[in-house]
Each structure stands twice: as C-alpha cells, then as structure tokens.
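Chemist: Read off the chains here:
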Amino acid sequence: MRHRFDVRIGPVGFRIGSDWLGPITQLEELYRDYPEPRDGIPDFTVRLFAARPWRRFVRPAITIAGDYTIPDAAPLPLAQGLLAAEMGMNLQMALAQRRYLLLHASAVERDGRALLMTGESGSGKSTLAALLSARGWRLMGDEFALVDLDDGSVHAFPRLLSLKNEAISVVELTLPAARFGPRMEGTPKGAIRHLVPNAQAIEAMELPAAPALLLFPSFGFVAETRPVPPSEVFIRLTQASTNYVALGERGFDALIRIVAGVPAHAIDYPDTASAVTQVEALWDAL
Amino acid sequence: MSDEPSEIPQGATRRRALMLGAVGASAIVSIRPALAQVSASISTCEIQVPDRARAGKYIAADGTPVPAGTKGAFAPASRPFTGQEVKQALAGGNLPGIEYERSQAYTKYIRRLQSGTSGFTCFASLQMPRG
Amino acid sequence: MYRAAAPATLRIVPLDDLTAIYHRASGITHLVASPVPELLAALSEPLTLVRLAKRLGEEFYLSDGEALAARLDELVASGLAEQL
Chain A
8 MRHRFDVRIG
18 PVGFRIGSDW
28 LGPITQLEEL
38 YRDYPEPRDG
48 IPDFTVRLFA
58 ARPWRRFVRP
68 AITIAGDYTI
78 PDAAPLPLAQ
88 GLLAAEMGMN
98 LQMALAQRRY
108 LLLHASAVER
118 DGRALLMTGE
128 SGSGKSTLAA
138 LLSARGWRLM
148 GDEFALVDLD
158 DGSVHAFPRL
168 LSLKNEAISV
178 VELTLPAARF
188 GPRMEGTPKG
198 AIRHLVPNAQ
208 AIEAMELPAA
218 PALLLFPSFG
228 FVAETRPVPP
238 SEVFIRLTQA
248 STNYVALGER
258 GFDALIRIVA
268 GVPAHAIDYP
278 DTASAVTQVE
288 ALWDAL
Chain B
452 MSDEPSEIPQ
462 GATRRRALML
472 GAVGASAIVS
482 IRPALAQVSA
492 SISTCEIQVP
502 DRARAGKYIA
512 ADGTPVPAGT
522 KGAFAPASRP
532 FTGQEVKQAL
542 AGGNLPGIEY
552 ERSQAYTKYI
562 RRLQSGTSGF
572 TCFASLQMPR
582 G
Chain C
3 MYRAAAPATL
13 RIVPLDDLTA
23 IYHRASGITH
33 LVASPVPELL
43 AALSEPLTLV
53 RLAKRLGEEF
63 YLSDGEALAA
73 RLDELVASGL
83 AEQL
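Protein chains in written order, with the working numbering: chain A, 8 to 293; chain B, 452 to 582; chain C, 3 to 86.
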C-alpha cells in the first residue's frame with residue numbers, strides 16, 4: 008500500500024492502507040487528536056485498493072478489503088474514500104472482534120453511567136448521540152458499544168459519527184463549532200457527513216462506564232414511551248450484535264447481565280427535540 | 452393415551468393448566484448469526500446473474516441456469532445487481548431496467564443460490580433479520 | 003423414550019414468560035415458552051410419552067394431549083432433548 012494511517016479508537020488499533028493519498032489525508036486531519044495503536048501494533052488492518060491497475064486513475068473506484076472481508080462488495084467512488092475507510096473499520100469489528108460483546112448501538116456517558124441506544128438504520132441513534140453530546144453527555148460512540156465480557160462495563164469506541172440526510176443539517180445547526188468531514192452525496196445511504204467527536208470524548212476514551220439505561224428509539228411517530236420486557240430485550244440485542252453467536256457462553260452471560268440489570272424502554276418520537284426531552288426524563292427517573 | 456380426568460378431589464388444590472400449544476405452533480426460537488449488521492457493506496454488495504462460474508449461461512423462467520440460446524430462457528444480466536436492488540426485488544419489486552418476466556426469472560435464480568457460488572454471501576446477508 | 007439434554011450442558015435463565023437457554027453442547031441459544039421448561043424438568047430421567055403425560059398430569063392440568071407429541075418433536079429437533 009502506497010499510503011498508510013494508524014490510529015487507536017478506544018481499545019482498538021487500526022492500520023488503514025490505501026492506493027490513494029486523498030482518503031489518508033482526510034483521515035489524518037479528522038483523527039488528528041487521537042492516539043496511535045498501543046506499542047504501534049494495530050489490531051486490524053483495512054485496505055483501500057484498486058481492483059484493477061487502471062482503476063486507480065480511470066473513474067477511480069475503491070475496493071474495501073482487510074484482515075476480514077465480505078466478498079462481492081461493490082467498490083465506492085474515490086470521492087467517498089472516507090466512507091470506505093469507515094466501512095472497512097466497521098467490517099473488521101463486525102467480523103472479528105472477540106474481546107468484547109459488540110452491540111450495534113450508540114452510547115453516551117454521564118456520572119460514570121452509560122446510556123445505550125440501539126435500533127435499525129434511521130432510528131436516530133447517531134443523531135441523538137450527537138445532540139446529547141452538546142448537552143454535557145460524554146460521547147462514547149455511535150456505531151458499536153463494546154461490552155466487557157468480564158464485568159459488563161461499556162467501553163468507549165468513539166469513531167467519527169455518521170450523520171445521514173436530514174440529520175446532517177440538524178446537527179450542523181446544534182453544534183456550529185464542531186469539526187465535520189466533507190459532505191458526501193450519492194452514497195448507498197444517501198447524503199453522509201461525519202462529525203468529529205469533541206475533546207471531552209477523545210480525552211476520556213479509555214474510561215469505561217456501567218450501563219444504566221437501554222433505549223430503542225423509533226423516529227417519525229407520536230411521542231410515546233413503553234418499557235420493554237427482558238425477553239424482548241434479549242432477542243432484540245442478539246439481533247443487534249454481530250458477534251454474539253461467535254462468543255458462545257461468554258456472550259450469553261454478558262447479554263443476560265444486561266437484560267437482568269439494565270432497565271429498557273422503547274421511545275417513539277416525532278422530532279429530535281422531543282426525543283432529547285424523553286431521554287433525559289427517563290434518565291432522571293432512574 | 453388420554454388426559455387425566457379433570458375431576459378435582461375434595462380438599463385438593465387446583466392444578467395449574469399447562470398450555471401445550473397447537474400442533475403446528477412453535478415454542479422455541481433459536482438465535483441465528485446476525486451477519487446483516489454490517490449494514491453499509493450489505494447495501495453495496497453485488498450479485499451477478501448468472502454467477503461468474505456460470506458466465507454465459509442463460510436463465511430459464513424457473514431460475515435454473517441453462518445453455519446459452521435455450522428457447523424461452525433469458526440472456527445474462529448486463530451488469531451485476533446491488534444488494535439494495537436485490538432486496539427490493541425479493542420484496543416483490545422489479546429489478547431495475549428489466550421487464551417483469553425477466554426480472555422474475557433472475558429473482559428465482561438468486562433465491563436458488565447455493566453456498567459456494569459467488570454471490571451467495573451477499574444473498575445470505577440479505578436474508579438475515581435485522582434488529 | 004425421551005430424555006432432556008444433560009443438566010451440565012444446559013444453562014437455563016428464566017426471563018419473564020419466556021426462558022433463555024444456552025445449550026453448551028451445540029453453542030446455540032434458544033428462547034423458549036412454556037411448556038418447554040416444564041418438559042425439560044420432567045425429562046430429567048428417560049420417559050415414554052405415556053409416562054411423561056402421567057408425570058405432568060400429577061402437577062398440571064394438560065390442555066391438549068395431541069400437542070404434547072408435537073412439543074416433544076420440537077424439543078428433539080432443537081437438540082434440547084433426545085429420543086432414545
């Protein structure tokens with residue numbers, strides 16, 4: 008690989024290699040305040056490469072590969088190189104992370120306790136995490152929550168937050184002083200813009216937090232909150248975890264610990280202001 | 452065999468009913484691996500019709516690959532389909548830019564993909580339930 | 003005759019009206035509804051269908067005898083019990 012970038016996010020170190028300089032320059036700029044992998048040794052490697060030699064120059068298209076890959080993935084245009092790097096990192100975690108139970112959830116922290124929000128794409132977990140980080144909550148991550156297999160604590164994994172479509176302008180207005188990546192149009196998910204986690208999130212990256220509240224948000228409905236019973240939480244979290252099955256009994260134990268010990272609610276919300284109010288009310292009522 | 456008679460002797464406590472459910476119903480859900488959480492990659496994965504190992508074959512109306520030029524069968528797709536396009540077709544829509552009968556044949560081919568054929572991983576990931 | 007998987011291989015955690023079971027021998031997690039936990043408890047020793055129905059009948063009022071065979075087939079298919 009001609010160009011390379013190493014970075015540590017929470018407990019995980021990555022090396023990203025690229026046939027093009029552009030995506031590496033963007034990563035270096037956006038992750039400039041992040042540390043290096045421990046002892047300089049990354050846990051996972053991502054490769055952004057040209058599938059054919061001429062693909063470096065003619066309608067350049069990035070094929071994503073790395074230690075772990077899904078075959079048949081379509082390449083992305085060079086203009087979406089930053090997205091390709093982030094997807095590559097997601098892929099390594101989703102396929103190969105075994106030291107933590109991974110939940111597809113955003114996480115924010117207050118007073119040493121973590122709030123987790125999980126749901127499908129479009130549920131608002133990234134947007135809500137960004138908005139809460141403007142209200143004094145420490146951002147722990149928006150894509151994966153890492154659950155410790157020994158003690159059940161949540162470890163921060165604060166990657167660039169991935170904001171999509173309408174959420175982009177909502178967050179730009181709420182966080183005018185924040186740093187953002189480039190706005191990318193025409194991605195498989197529409198328009199995407201990345202938000203750089205703030206200094207508080209980066210500095211506290213190594214501090215875990217005890218999970219205290221689990222939420223299942225749904226956007227676009229009349230405001231309503233309902234508690235979610237343990238068996239429903241269990242099933243929904245197995246579906247929100249990419250490595251639950253691979254972890255065997257340790258994964259089962261970690262999930263039972265959450266289900267038995269962390270209150271869970273589903274919140275329907277019509278707009279983000281309403282969601283923030285509902286979330287903070289549930290937290291204060293704990 | 453038959454159930455115990457339901458008469459309750461004097462002084463005995465009533466037994467709790469044990470609902471055995473219906474013959475066709477299920478009382479067990481087994482958790483399957485959730486590969487589909489890699490959501491961004493899923494929407495960009497591709498399926499070729501037919502797959503590379505069967506390049507050049509035509510697709511019959513029932514989705515089986517047949518020799519090129521077979522009467523009533525459809526020529527290979529001119530470009531691979533994305534995971535997103537296939538997901539919509541599996542839900543009842545049409546593959547883009549393709550008329551109904553050809554789209555039906557292609558969709559049946561995709562449903563028949565077996566493990567080991569290129570394109571299967573993409574298809575399998577489309578089938579996994581998402582949280 | 004039917005018998006539940008060995009107790010050492012089953013990690014059973016009741017949640018609410020459903021129970022989570024991790025089956026160590028297969029690595030598969032099952033979420034089960036009544037009467038599965040009751041059947042697994044009754045099958046701690048090998049029993050025929052008839053004896054199982056009798057044993058259950060001592061503690062419960064059985065709703066429908068025919069479905070018992072269907073539930074046992076499901077248990078065997080899932081690996082949580084075996085047919086000897």
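Hint data in this document are derived by calculation from the structure and do not stem from the laboratory. Among the hints, a few may not be true.
[What the hints assert, rightly or not] Below, in silico cross-link-like pairs of lysine-lysine (DSS-like), each with a Cα-Cα straight-line distance of 27 Å or less:
no.: 1; chain 1: B; residue 1: K522; chain 2: B; residue 2: K508
no.: 2; chain 1: B; residue 1: K538; chain 2: B; residue 2: K508
no.: 3; chain 1: B; residue 1: K559; chain 2: B; residue 2: K538
no.: 4; chain 1: B; residue 1: K538; chain 2: A; residue 2: K171
no.: 5; chain 1: B; residue 1: K559; chain 2: B; residue 2: K508
no.: 6; chain 1: B; residue 1: K538; chain 2: A; residue 2: K196
Remember, predicted model here, so these are calculated numbers, not experimental data.
Chemist: If a hint holds in the structure, say so; if it does not, say that too.
Modeler: Hint check results:
A distance of roughly 12 Å separates the Cα atoms of K522(B) and K508(B); the hinted pair therefore holds under the 27 Å criterion. About 23 Å separates the Cα atoms of K538(B) and K508(B), which keeps this hinted pair within 27 Å; it holds. Between the alpha carbons of K559(B) and K538(B) the distance comes to roughly 13 Å, so the proposed pair stays at or under 27 Å and holds. With a C-alpha separation of about 21 Å, the suggested pairing of K538(B) with K171(A) holds against the 27 Å cut-off.
For a cut-off of 27 Å, the pair hint linking K559(B) to K508(B) stands: about 15 Å separates their Cα positions. With a C-alpha separation of about 14 Å, the suggested pair K538(B) and K196(A) falls inside the 27 Å cut-off, and the hint holds.
In this structure, none of the earlier numbered hints is contradicted; all agree with it.
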